[in-house]
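Participant: Protein chains in written order, with the numbering used here: chain A, 8 to 420; chain B, 18 to 272.
Because the hints were derived from the structure by calculation, they are not lab data. Note that the structure is a prediction, hence the values are computed from the model and not measured. All residues carry an ideal CB built from backbone N, CA and C; glycine is no exception. Mixed in with the good hints, there may be bad ones.
Computed cross-link-like contacts, BS3-like style, restricted to lysine-lysine with a CA-CA straight-line distance of at most 27 Å [stated by the list, open to error]: (1) B:Lys153 <-> B:Lys164; (2) A:Lys254 <-> B:Lys145; (3) A:Lys254 <-> B:Lys153; (4) B:Lys153 <-> B:Lys222; (5) B:Lys150 <-> A:Lys254; (6) B:Lys80 <-> B:Lys45; (7) B:Lys211 <-> B:Lys115; (8) B:Lys133 <-> B:Lys153; (9) B:Lys80 <-> B:Lys115; (10) B:Lys80 <-> B:Lys222; (11) B:Lys115 <-> B:Lys133; (12) A:Lys75 <-> B:Lys164; (13) B:Lys45 <-> A:Lys254; (14) B:Lys115 <-> B:Lys145; (15) B:Lys211 <-> A:Lys254; (16) B:Lys80 <-> A:Lys372; (17) B:Lys133 <-> B:Lys145.
Pair ranges (Cβ atoms, derived) [claimed, not checked]: (18) B:Asp155 <-> A:Val386: 40 to 50 Å; (19) B:Val138 <-> A:Ala311: 29 to 39 Å; (20) B:His176 <-> A:Val386: 20 to 30 Å; (21) A:Asn210 <-> B:Thr147: 53 to 63 Å; (22) B:Val138 <-> A:Leu377: 31 to 41 Å; (23) B:Arg82 <-> A:Trp139: 44 to 54 Å; (24) B:His176 <-> A:Ala42: 19 to 29 Å; (25) A:Trp249 <-> B:Thr147: 55 to 65 Å; (26) B:Asp152 <-> A:Leu223: 25 to 35 Å.
Chain by chain, the residues:
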Amino acid sequence: MTQDTLTKGVSLPVRGGPLTRLLMADAAGRRLVMALMALSVVVPFCNLVFPEGSIFHVSTYTMTLLGKYLCYALLAVAVDLIWGYCGILSLGHGAFFALGGYAMGMYLMRQIGDRGVYANPELPDFMVFLNWTELPWYWMGFDQFWFAMVMVLAAPGILAFVFGALAFRSRVTGVYLSIITQALTYALLLAFFRNDMGFGGNNGLTDFKDILGFDLQQDSTRAALFFASGIALILGYLISRWIVTSKLGRVLVAIRDSEARARFLGYRVEWYQLFVFVVSAMLAGVAGALYVPQVGIINPGEFAPINSIEIIIWVAVGGRGSLYGAVIGAVLVNYAKTYFTGAFAELWLFMLGGLFVLTTLYLPKGVVGLWAQMKEKFVTPGGPGSSSDSISQNQDKRQDDNDTGTNKAEGSV
Amino acid sequence: MSLAKPKHIEQPTVLYMDGVSVSFDGFKALNSLSLFIEPGEMRAIIGPNGAGKTTMMDVITGKTRPDTGTILFNDEFDLTRYDEAQVANMGVGRKFQKPSVIESLTVFENLEMSLKGGRSVWAALTHKLTAEKRDKIDEIIGMIDLKERLHEEAGSLSHGQKQWLEIGMLLGQEPELLLIDEPAAGMTDEETMKTAELFKQLAKKHSLMVVEHDMDFIEALDCRVTVLNEGSVLAEGSLQNVKNNQHVIDVYLGR
Chain A
8 MTQDTLTKGV SLPVRGGPLT RLLMADAAGR RLVMALMALS VVVPFCNLVF PEGSIFHVST
68 YTMTLLGKYL CYALLAVAVD LIWGYCGILS LGHGAFFALG GYAMGMYLMR QIGDRGVYAN
128 PELPDFMVFL NWTELPWYWM GFDQFWFAMV MVLAAPGILA FVFGALAFRS RVTGVYLSII
188 TQALTYALLL AFFRNDMGFG GNNGLTDFKD ILGFDLQQDS TRAALFFASG IALILGYLIS
248 RWIVTSKLGR VLVAIRDSEA RARFLGYRVE WYQLFVFVVS AMLAGVAGAL YVPQVGIINP
308 GEFAPINSIE IIIWVAVGGR GSLYGAVIGA VLVNYAKTYF TGAFAELWLF MLGGLFVLTT
368 LYLPKGVVGL WAQMKEKFVT PGGPGSSSDS ISQNQDKRQD DNDTGTNKAE GSV
Chain B
18 MSLAKPKHIE QPTVLYMDGV SVSFDGFKAL NSLSLFIEPG EMRAIIGPNG AGKTTMMDVI
78 TGKTRPDTGT ILFNDEFDLT RYDEAQVANM GVGRKFQKPS VIESLTVFEN LEMSLKGGRS
138 VWAALTHKLT AEKRDKIDEI IGMIDLKERL HEEAGSLSHG QKQWLEIGML LGQEPELLLI
198 DEPAAGMTDE ETMKTAELFK QLAKKHSLMV VEHDMDFIEA LDCRVTVLNE GSVLAEGSLQ
258 NVKNNQHVID VYLGR
């Protein structure tokens with residue numbers, strides 16, 4: 008990724024490592040990755056180096072807020088990977104985010120040790136409160152950071168694998184899949200609310216003290232978490248980009264556009280769906296794991312169906328099927344949320360709904376498609392030009408291109 | 018003209034169907050259908066709407082399980098036991114009635130995806146475009162006449178070009194048996210004749226089963242014709258022979 012290769016034409020065969028090749032044909036992604044790298048360094052730097060009161064100082068509050076946005080952005084990338092490229096509209100991705108968050112939360116709980124209210128070195132406070140005498144088996148190992156990190160990937164990954172294997176092998180797609188993913192996250196919401204589950208019930212896991220021995224209240228720890236979130240987002244983006252630019256990505260698009268065609272070409276559609284669904288769930292889990300130490304709590308509310316629907320709105324607003332659009336959408340919508348829930352809290356949900364309707368009606372390609380849309384409108388003489396015609400034709404064709412029964416048009420809500 | 022049921026066929030067959038029946042909610046879409054296709058043979062299938070032509074393709078390609086009957090591929094594989102992807106990978110290619118190419122991929126990418134082999138997830142992730150594959154795509158692109166549109170989205174092609182691209186994708190799969198559903202639908206006369214020429218060329222290396230309504234097209238194919246009606250074979254023979262068959266005139270041609 009040297010300056011030299013960046014300025015060369017895209018069509019030339021590219022020398023250099025896989026990373027260079029990955030980013031060469033992806034101008035927007037290149038800009039995104041650079042911006043994120045800069046952000047990951049500059050924000051912690053400004054927080055730690057400049058004293059409060061300096062115009063260059065970034066407050067810890069702002070840094071944590073931005074860190075949250077980065078986690079949401081990673082979650083949005085995960086959703087765009089399956090929805091934008093494979094047409095799997097998951098309305099339950101918040102569940103994978105929450106599971107990753109719980110895995111991290113369990114580690115942080117064990118880190119508290121005997122500094123809890125009840126000063127029990129082994130059991131978290133809520134277990135002592137419930138008169139439990141020993142740690143449930145599924146809490147074993149979470150005192151080890153590495154184990155918790157494995158579980159951050161494994162818990163969402165295994166759930167996605169089992170759920171996906173059942174759904175995709177039975178060829179459940181489209182709206183039906185969306186509905187059962189909602190049911191999945193709702194079922195988990197109810198389960199995690201129960202005290203007997205051993206995850207802190209209604210209150211969830213909180214009062215964390217430190218991570219890897221570093222105090223979570225320290226600015227430096229916060230800065231490190233922010234940095235880690237930025238890096239995770241970059242890596243998540245690159246992994247997703249690698250997948251969608253490979254032949255596998257084109258198979259995913261084939262499945263999205265015409266599932267039957269993909270099958271009759273000899274591709275086992277369910278394996279592809281399963282693969283990308285599991286990868287996406289793991290990315291969501293990582294996002295959740297980075298989110299929890301920054302906000303300081305994880306509770307069953309994260310499983311709420313509305314959360315998962317919000318993710319879809321981020322992706323739709325940003326621009327479905329571009330990955331970097333998902334990042335932009337997540338940041339934009341969440342910034343708006345932060346602002347408006349402060350200004351007029353009770354109106355926010357209506358605004359969010361309105362935003363989604365407007366996006367669907369007027370910005371089919373989201374914010375990132377706005378530029379192309381404007382150009383088409385104003386540059387092409389005589390209003391809707393030939394190219395816009397071909398786009399709408401495409402969509403019409405896609406609606407009816409299946410004489411084989413499996414209609415794939417429902418991916419687009 | 019009665020048709021002897023080929024219970025035991027001496028010569029090798031690419032496709033052998035015997036007594037295949039499928040019913041949907043009591044409606045018999047296929048009613049003890051029997052037919053066989055020899056290696057390198059081209060066969061045209063005609064019949065009125067609802068005769069079971071598409072259902073027949075569905076049972077061959079693993080989309081629909083027949084209630085009863087045998088379907089053998091290359092005298093060896095019982096196709097009723099496999100799903101669509103497995104049947105496709107054995108060497109049965111299928112073209113749908115409406116052109117179903119991947120609209121948001123380019124012509125090149127469509128063809129690249131169709132090339133034989135590399136169907137596993139891992140193979141797809143690590144796929145590299147070799148010179149050999151490039152040559153194969155070049156060869157196909159020459160046959161289907163889409164050289165100038167190679168890097169355009171398939172969605173921008175005309176109807177006839179999409180049909181051709183889909184045929185090209187079938188060729189990429191290198192199937193032994195091609196099942197082709199109404200290829201000439203929506204084509205100009207000139208395109209229709211070009212398609213017929215192409216199929217005759219293909220028949221040298223592959224076996225083809227072509228479902229079609231266009232009688233001129235079938236005449237141009239100049240091959241054996243099977244007439245389906247109400248889920249079974251009504252008549253079989255040369256086009257001339259079939260055209261003069263009173264049953265066929267009654268149920269299909271005469272109307």
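Participant: Next, verify each hint and record whether it holds.
Facilitator: Hint-by-hint comparison with the structure:
A hinted pair counts as satisfied when its Cα atoms are at most 27 Å apart, and lysine 153 of chain B with lysine 164 of chain B qualifies at roughly 13 Å. Restraint check for lysine 254 of chain A and lysine 145 of chain B: the C-alpha separation of about 8 Å stays at or below 27 Å, so the hint holds. With a CA separation close to 17 Å, the supplied pair lysine 254 of chain A and lysine 153 of chain B stays within the 27 Å bound. Using a Cα cut-off of 27 Å, the hinted pair lysine 153 of chain B and lysine 222 of chain B holds, with the two alpha carbons roughly 16 Å apart.
Of the supplied pair hints, the one linking lysine 150 of chain B and lysine 254 of chain A holds, its CA atoms being roughly 13 Å apart against a limit of 27 Å. Distance check on the hinted pair: lysine 80 of chain B and lysine 45 of chain B sit about 17 Å apart at the alpha-carbon level, within 27 Å; holds. Taken as a hint, the lysine 211 of chain B and lysine 115 of chain B pair is honoured in the structure, with Cα atoms around 19 Å apart against an allowance of 27 Å. With a C-alpha separation of about 10 Å, the suggested pairing of lysine 133 of chain B with lysine 153 of chain B holds against the 27 Å cut-off.
Straight-line distance between C-alpha atoms of lysine 80 of chain B and lysine 115 of chain B comes to about 17 Å, which keeps the hinted pair within the 27 Å bound. Restraint check for lysine 80 of chain B and lysine 222 of chain B: satisfied, since their Cα atoms lie roughly 26 Å apart, inside the 27 Å limit. Restraint check for lysine 115 of chain B and lysine 133 of chain B: satisfied, since their Cα atoms lie roughly 23 Å apart, inside the 27 Å limit. Restraint check for lysine 75 of chain A and lysine 164 of chain B: the C-alpha separation of about 50 Å exceeds 27 Å, so the hint is violated.
For the hint linking lysine 45 of chain B to lysine 254 of chain A, the alpha-carbon distance of about 41 Å lies beyond 27 Å, and the restraint is violated. Between lysine 115 of chain B and lysine 145 of chain B the CA atoms are separated by roughly 31 Å; this puts the pair beyond 27 Å, and the hint is violated. Restraint check for lysine 211 of chain B and lysine 254 of chain A: the C-alpha separation of about 32 Å exceeds 27 Å, so the hint is violated. The straight-line distance between the Cα atoms of lysine 80 of chain B and lysine 372 of chain A is roughly 34 Å, outside the 27 Å bound, and the hint therefore fails.
Using a Cα cut-off of 27 Å, the hinted pair lysine 133 of chain B and lysine 145 of chain B holds, with the two alpha carbons roughly 13 Å apart. Checked against the hint of 40 to 50 Å, the pair aspartate 155 of chain B and valine 386 of chain A fails, with Cβ atoms roughly 35 Å apart. The given range of 29 to 39 Å is respected by valine 138 of chain B and alanine 311 of chain A, whose C-beta atoms sit roughly 33 Å from each other. Between histidine 176 of chain B and valine 386 of chain A the Cβ separation comes to about 28 Å, which falls inside the hinted range of 20 to 30 Å.
Distance hint check: the CB atoms of asparagine 210 of chain A and threonine 147 of chain B are about 58 Å apart, consistent with the given range 53 to 63 Å. A hinted range of 31 to 41 Å holds for the C-beta pair valine 138 of chain B and leucine 377 of chain A, which are about 35 Å apart. Take arginine 82 of chain B and tryptophan 139 of chain A: their Cβ atoms lie about 52 Å apart, and the range 44 to 54 Å holds. Against the hinted window of 19 to 29 Å, the Cβ-Cβ separation of histidine 176 of chain B and alanine 42 of chain A comes to about 44 Å, which falls outside the hint.
About 20 Å separates the C-beta atoms of tryptophan 249 of chain A and threonine 147 of chain B, a value inconsistent with the hinted range of 55 to 65 Å. In this structure the hint that aspartate 152 of chain B and leucine 223 of chain A lie 25 to 35 Å apart at CB is violated, the actual value being about 60 Å.
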